[in-house]
Amino acid sequence: MRDDERALVERAKRDPRQFGALYDRHFQQIYRFVYSRVREQSAAEDVTSEIFIKALKAMPRYQDTGRPFAAWLYQIAVNAIADRYRTLRPAQSLDDFHDLSVAGPALEDLAAHRDELRRIWTLVDQLPAQQKMALVLKFQEDMKIEDIAVAMGKSAGAVKLLIHRGVSRLREDADALRPVE
Amino acid sequence: MSMNHDPELDDILQDEELARLAGLLKATRRAEPPLDDAFRSALRRQLMQRAWGMGEVRAPWWQRLAGPPALAWAGAALGILLIGSVVVFTANQGPGTNVLTVTSPMADAHAVQLQQPILVSFNQPMNHAATEAAVQITPATYVTFSWQDSKTLAVHPSGGTLAPNTQYQVTIGPSAKTLTGQPLTRPATITFVTRPAPTPQPSPRPTPTATPVSQLTGEHRLAALPSGAFYAPQWSADSSTVYFVGDNGALESVSAAGGDPKTLVPDGVSYPAITVAGDRIAYVRGGNVEVMTLADSSTVDLATASGVSALSWAGNQLLWATASGVFESGANGPGQLTPVAQGVTVVSIAPDGAHAIFQSGPAFSVADLAANTSQPLAGASAFLGWSPDGSRLLYATATGTAAADTQGSPIGTLPAGDASWSSKDVVLLGSDTSVSEIHPDGSGGTLLNTGTYRQPAWAPNGSTFAFVRAASLWTATSPVLAPEVSPLDQAAAVVTQFMNARLALQQDVATTFLDDNGKQAYSSSGLPLLVNGAARFTRDYIVMQELTGQNPRTARFVVRLVLSRGPLDVSEYDETLTLVRAQPSQPFLIDQASADSTRLLDRGPEVVSVDVAAGSMKIVFDSDLVSDTVANGVILLDKNGKQVGGQATYANRTVVFTGLALTPGADYKLVVLTAVQDVNGRNVHGEYDLNLIGPVVVDVIATPAPYPIPSPIPSPSPSPSPSPSPST
Chain A
1 MRDDERALVE RAKRDPRQFG ALYDRHFQQI YRFVYSRVRE QSAAEDVTSE
51 IFIKALKAMP RYQDTGRPFA AWLYQIAVNA IADRYRTLRP AQSLDDFHDL
101 SVAGPALEDL AAHRDELRRI WTLVDQLPAQ QKMALVLKFQ EDMKIEDIAV
151 AMGKSAGAVK LLIHRGVSRL REDADALRPV E
Chain B
1001 MSMNHDPELD DILQDEELAR LAGLLKATRR AEPPLDDAFR SALRRQLMQR
1051 AWGMGEVRAP WWQRLAGPPA LAWAGAALGI LLIGSVVVFT ANQGPGTNVL
1101 TVTSPMADAH AVQLQQPILV SFNQPMNHAA TEAAVQITPA TYVTFSWQDS
1151 KTLAVHPSGG TLAPNTQYQV TIGPSAKTLT GQPLTRPATI TFVTRPAPTP
1201 QPSPRPTPTA TPVSQLTGEH RLAALPSGAF YAPQWSADSS TVYFVGDNGA
1251 LESVSAAGGD PKTLVPDGVS YPAITVAGDR IAYVRGGNVE VMTLADSSTV
1301 DLATASGVSA LSWAGNQLLW ATASGVFESG ANGPGQLTPV AQGVTVVSIA
1351 PDGAHAIFQS GPAFSVADLA ANTSQPLAGA SAFLGWSPDG SRLLYATATG
1401 TAAADTQGSP IGTLPAGDAS WSSKDVVLLG SDTSVSEIHP DGSGGTLLNT
1451 GTYRQPAWAP NGSTFAFVRA ASLWTATSPV LAPEVSPLDQ AAAVVTQFMN
1501 ARLALQQDVA TTFLDDNGKQ AYSSSGLPLL VNGAARFTRD YIVMQELTGQ
1551 NPRTARFVVR LVLSRGPLDV SEYDETLTLV RAQPSQPFLI DQASADSTRL
1601 LDRGPEVVSV DVAAGSMKIV FDSDLVSDTV ANGVILLDKN GKQVGGQATY
1651 ANRTVVFTGL ALTPGADYKL VVLTAVQDVN GRNVHGEYDL NLIGPVVVDV
1701 IATPAPYPIP SPIPSPSPSP SPSPSPST
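In the order they appear, the protein sequences are chains A and B. Quick note on numbering: the first sequence equals residues 1 to 181 in my numbering. Quick note on numbering: the second sequence equals residues 1001 to 1728 in my numbering.
These are calculated hints, taken from the structure and not from any lab test. The structure presented is a predicted model; accordingly, all values stated were derived computationally and were not measured. Be a bit skeptical, because a hint or two may be false.
Claimed, not checked - Result set (DSSO-like, lysine-lysine): computed pairs, CA atoms no more than 30 Å apart in a straight line:
id	chain 1	residue 1	chain 2	residue 2
1	A	LYS144	B	LYS1026
2	A	LYS154	A	LYS57
3	A	LYS54	A	LYS13
4	A	LYS132	A	LYS144
5	B	LYS1151	A	LYS13
6	B	LYS1642	B	LYS1669
7	B	LYS1026	A	LYS132
8	B	LYS1618	A	LYS54
9	A	LYS132	A	LYS154
10	B	LYS1669	B	LYS1618
11	B	LYS1639	B	LYS1519
12	A	LYS57	B	LYS1151
13	A	LYS132	A	LYS57
14	A	LYS154	B	LYS1026
15	A	LYS13	A	LYS57
16	A	LYS144	A	LYS54
17	B	LYS1669	B	LYS1639
18	A	LYS54	A	LYS154
19	A	LYS13	B	LYS1177
20	A	LYS57	A	LYS144
21	B	LYS1177	A	LYS57
Said to hold, decoys possible - Which stretches of chain B does chain A cover? Using the computed rule of at least three CB atoms under 8 Å from a CB of chain A, they are:
id	stretch
22	1321–1330
23	1531–1538
Ideal placement from N, C-alpha and C gives every residue a C-beta, glycine not left out.
Sequences and hints are given; from them, build the entire structure.
In C-alpha cells:
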C-alpha cells in the first residue's frame, strides 16, 4: 500500500467521516468492475452501494496487510456479486461492456480480431465461477496475483492454478478461438 | 509476446498459445459503463450521513496513553492542570462526546407505525429551543415537540398520526446546538417509510366488540418460580412439556397443561438449553457443562467452564460462552470458536450458532462468530431474543422494541415489552398489563389479553406459550384467528402477490395473475411487467380499491409504484387494475390494466389514499394542507363533468365528502387541482385525476378464500384513529 493511501486509510479507521476520500478514490474502479459483472445499471448501483456501505461499517476493523486498499474493496465486491448472481443472471451482451478493439499502437495487427476477442470473453463468461473471477480480476482489472488472492480469499498458488486452468480451458475450444480471417 | 507483458504470468502460462490468449485478454479495453452522476453523489451523501452517525472511533485509553503523542504531551499536561482547575466543570464532558451525533431508531426503517412520534437522539444534552427550530420535515407536516430526556427529542405530528405509505425525511439543521453551545457541523437527515393505512371498509361488517375480550385459551399455572436469576423455560419439540429451573436451581419438567412437576436434576442448574429435536437438554452445573439425554436421564459432563454467560444449541452442536471466548463441543472435546475481548460479555448465542450478542458497557452488538466481526445494535438497552432460525433478533430501546437483522439493520419498530419470536414469525409482547401479538415489521398488532404476562416464551408449535405471573410459571394458548375474507380482500391478495412478483423480478410468477386480456395489457407493446431502469422499483401500495361489479364479481384497484435511487424515493406512477372472477370458487385475475404518467416526488403534496363508499369519500394526503385551498381544489365530478357532493371538509391531511349518493357502476372522477397548497407553501405540482366507479353494495361474505391468502393488507380490524386536533 502506498504511503498516501495508508494515511487515508488510517484516518478513515480512526474517523469514519474521512471515508469520503477513499470513496472518491475507488468509486469509479469498483463501479466499473461491478457493472462488468452484473451488466445492468440499476443492479450495478445496488451492488456498489452495498459494497461501500459494508466497507464503511467495517472500516474500524480494517487490518493493513500491506496489500492495496482496493484489494479489500474487491474482496467485498466479489462476495456481493456472488450473492447477486445467486438470484440474477446478467442479461446484457458482453459487447456492451468490453470494447472489443484492442489497446495500444503495437496491437494494430490485432484490431481485425474483434470476433476472436468477443468469443474469448464469451468463453470466459462460461468458465466455472472461480476461474472466471480469477481471469476477470487478472486480465480485466489488471490486478496482481497477491491482490487477487486477497479479493478471492485464496492463496496466491490457488489463484495461479485458477488462471492456468481458466486459460487452458479457453484454448481447448480451439475452433471457437481460431482467429477469423 | 511483447504486448502488455506481465511477468507474473510467465511462470503460469509458459505455453506460447496460452500466453497469446493471455495477451489478447489483457489487451481488451474496458468500455466505460453508463454512470449516473446523481447516483455517485447520492451514495456519497448516504455514506457520509452514516459516517456521521458512527462518529469518531477512539482507540482504547491504554493505547492512547501509550502512544507517542500522549508522551509528548505529558509535560504540557502539568501546565494544563493549572488551567484545568479553573475550567473543572468541563470534566463532566466524557471522552467521545466532543462530536455531536444524531441517531434515530426509525432511521432507514420501513413499515413504520403511523401512531408514534419521530424520535431523534443526540449524544449530548441539547438546547431545546435551538434544536426544535432546526427541525425540518418533508412532506410538509405540522408538528409539536417534547423531550423524553435532555438528549432525546420526540417530534409529534399535530394530526396525531404520520401519513401512510409515505417516505419521510426529517432533517436536523446545523443551527441545532448542545447545551454548551456546540452546533451540529452538518445537517443530519433521518429517512423512513410508513406502513399502509388500515384497510378501508367499503362493505358492512359485523361490528367489532368494543370491550376487550381475551383471545387466549387454556391458561394454566404450572409451578412456583424462585426469586433471583430467571432462565427462559425450555419447550419439548412437541410443545407438550416445559423444562424450567425451580427452587435451589433444580431442573424440573412439567406438562404444559398442568400437573405435578418432575425433578430431573436436584440443584445447581443454570442456563438450560434444549435441542430442537427435544431429545437432550444442556445446562451448567457445578462449573461443568452437562448434557442430559431425556429418554433415560443419563448425563454427560461435556466440559469444565467457569463463568458461563450463554449456552445454546445449534443443531447437534452445543455452544457456550465465558469471559474468555465462545466454545463449541466437538468430537475431540471442546474447542474455542472465537475469543472474546476483555470487558465484553456474550449475552446470547443465536440458535443457528452463527452469531452472538456482545455487550461492552452499555453498548450491544451482534457478532458474526465465523468472521469475528460485529455490528452495533443502535440504541439497544437490552437484548430480548432471536428468531427461531437465528437470522433476526429483537432488542429493547429507550422507546420500545426494535427488530433487526444480523447486520444490525432495522426491520421494524414494535411496542415495548418482554418479547418472544415464534416459528410462525409472530412476536409475542408481554408486560405487567397486557400481552399482544405483532408481526416483526411492526404490522398487525393484536391485543390478546390484559393482565400480567412477563417473560413470554413461545412453544415450537407457535400457538402455546409460557409466561411468568406472580412469581409462578404459566402457560396459555393463542388461537390462530381465521380472518374474515371479503371478496375485496381476496382481490387485494391477488394484487399484492402480483406486485410482489414484479418487485422480485419474477415475470413468470407475475403472469400467473393475468388472464388473456391482462397478458395483452402487459405485452411488449403495453405496460412493462418488470420495471427496470436507473431508478429502481422499490415499493408499491394500494391507493384505492373498490368492488365495482357483482356478476361477474369485479374489483378495481389503483396501485402506486414508487421508484427510488439509493434510499430515496424519486418518482412514482399509478396503475389501474381491474380484476374479474366468474365464480366465487375461482381466484380473481387481472383483466385490464392502464397507467398514468410518471410524477417526480418531493414537488408538492400528494394523494396517498382514497376510500370510496356509496355515501362518502375520504382522500388522504401526505402533507398538511392550507385548508382554505382545499374547498375549491378537491372536487368530484360525474361522467358529464358536473360537480357532485358539494364542498369537502378538511382536517388532518384528510379531505372528506359526505352525503354522496354515488350510483353503483357509474363513472366519476376525483380531481385535485394545483390550487391545493401544503403548509410549506408548495402547490400540488400537477392536476391529479382519479377515475372511479360508483361502488356496488355487497352483502357480508364470510366464506373462506378458496386459495391461500398471504395477509396482503393490514388486518381488517379497525385501529384507533386519533381525534382531530388543531394544527399549530
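For this session: Go check the stretch 1321–1330 of chain B versus chain A for me, would you? Three or more residues, Cβ under 8 Å, otherwise it fails.
Result: Violated - the stretch 1321–1330 of chain B has 0 residues with a Cβ nearer than 8 Å to chain A, which falls short of three.
Exercise. Does the alpha-carbon distance linking A/LYS132 and A/LYS154 stay inside the 30 Å limit?
Worked result: holds (14 Å)
For this session: Take the C-alpha atoms of A/LYS132 and A/LYS144, compute the straight-line distance between them, and say whether it is at most 30 Å.
Result: holds (16 Å)
For this session: For the pair supplied as a hint, A/LYS154 and A/LYS57, confirm whether the alpha-carbon distance does not exceed 30 Å.
Result: Roughly 23 Å separates the two Cα atoms, so the pair holds.
For this session: For the pair we were handed, B/LYS1669 and B/LYS1639, check the Cα-Cα distance against 30 Å.
Result: With Cα atoms ~7 Å apart, B/LYS1669 and B/LYS1639 stay inside 30 Å; holds.
For this session: Measure nothing beyond the straight line between the CA atoms of A/LYS132 and A/LYS57; if it is 30 Å or shorter, mark the hint as holding.
Result: Holds, at roughly 29 Å.
Problem set entry | Pairwise hint evaluation, A/LYS57 against B/LYS1177, where the allowed Cα distance is 30 Å at most | holds (27 Å)
Exercise. Regarding the pair B/LYS1639 and B/LYS1519, is the alpha-carbon distance no greater than 30 Å?
Worked result: holds (29 Å)
Exercise. Can the restraint linking B/LYS1642 and B/LYS1669 be considered satisfied, given a maximum Cα separation of 30 Å?
Worked result: holds (10 Å)
Problem set entry | Hinted pair A/LYS54 and A/LYS154, Cα distance within 30 Å | holds (21 Å)
Exercise. Regarding the pair A/LYS54 and A/LYS13, is the alpha-carbon distance no greater than 30 Å?
Worked result: holds (14 Å)
For this session: Sort out whether B/LYS1151 lies within 30 Å of A/LYS57, counting only the CA atoms.
Result: holds (24 Å)
Checked against the numbered hints above, the structure breaks hints 8 and 22 and satisfies the rest.
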